[in-house]
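Enquirer: With these hints in hand, go ahead and build the complete structure from the sequences.
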Amino acid sequence: MRTAAHGIRVLVVEDDPVAADAHALYAGRVAGFTVVGVAHSRAAAVRVLDRTPVDLILLDLYLPDGHGLQLLRALRAAGHSADVIAVTSARDLAIVREGVSLGVVQYVLKPFTFATLRDRLARYAEFRATAGEASGQDEVDRALATLRTPQPASLPKGLSAPTLEAVTRTLRGAAEGLTAAEAGAAVGISRITARRYLEHLVTEGRAARAPQYGQIGRPELQYRWLGSTGGTTGTTRSY
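Take the sequence shown: its position 38, counted from the start at 1, is 37 in numbering that gives the first Met the number 0, and no numbers get skipped.
Hints were generated in silico from the structure; no laboratory data involved. Any given hint could turn out to be false.
Label pairs and their calculated CB-CB ranges [unchecked claim]:
#1 PRO63 to PRO155: 45 to 51 Å
#2 LEU24 to TYR61: 16 to 22 Å
#3 PRO161 to TYR212: 30 to 36 Å
#4 ALA30 to PHE111: 33 to 39 Å
#5 ARG190 to ARG50: 24 to 30 Å
#6 HIS66 to GLY172: 21 to 27 Å
Keep in mind the model is a prediction, meaning the values are calculated, not measured. Backbone N, C-alpha and C fix where the C-beta goes; we use that ideal spot for every residue, glycine too.
Expert: Pasting the structure below:
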């Protein structure tokens with residue numbers, strides 16, 4: 000089970016030590032994720048899982064002592080419920096289908112960049128954060144859609160997916176909400192640019208805005224993250 004103190008606990012399973020270190024470094028750089036172990040084989044992964052709580056496994060499918068899906072099948076039989084993101088060069092769609100049936104929530108094909116893994120982890124975190132009872136089919140669809148890879152063309156002209164991801168992550172981490180100026184300072188963009196991204200999140204039903212009173216001059220707009228309970232439907236999201 001996820002704990003607030005540790006965030007989402009990650010086990011990296013990768014036979015190449017250099018790649019394993021890179022994957023652990025990447026995952027550790029994403030807010031809300033903590034790498035609790037690195038294993039270079041199926042047997043080593045089992046040893047880690049037997050002694051350490053794990054929420055998510057970054058799983059290479061080609062291990063020196065067995066296929067990654069064999070490991071996953073054994074873990075499920077033993078009652079381990081950790082989610083899995085397959086990090087692999089395997090492109091066989093039959094393997095992809097089998098992985099889905101065993102609980103693989105996403106695939107990241109090698110080679111990949113930090114931005115690629117960061118995007119998948121951010122989507123997984125949003126999906127994992129959904130809770131409660133869905134009000135209907137639309138809300139279920141929105142929850143599942145958070146795991147899908149975005150289509151860049153879905154963004155309004157002038158907005159970029161990496162910046163939108165950064166603004167989204169910053170807003171999600173602000174329990175009391177943020178003004179455009181605060182979001183811009185945190186991300187490293189201007190207040191006006193930050194406001195465009197925040198307004199896009201409002202339009203998509205992922206954030207809400209309200210005037211912030213109590214200061215001299217005109218009140219500022221305060222933006223607050225809504226997560227998966229927002230209102231719009233039928234839109235491919237890019238964050």
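Enquirer: Provide an ascending list of the numbers of those earlier hints which the structure does not satisfy.
Expert: 4, 5 and 6
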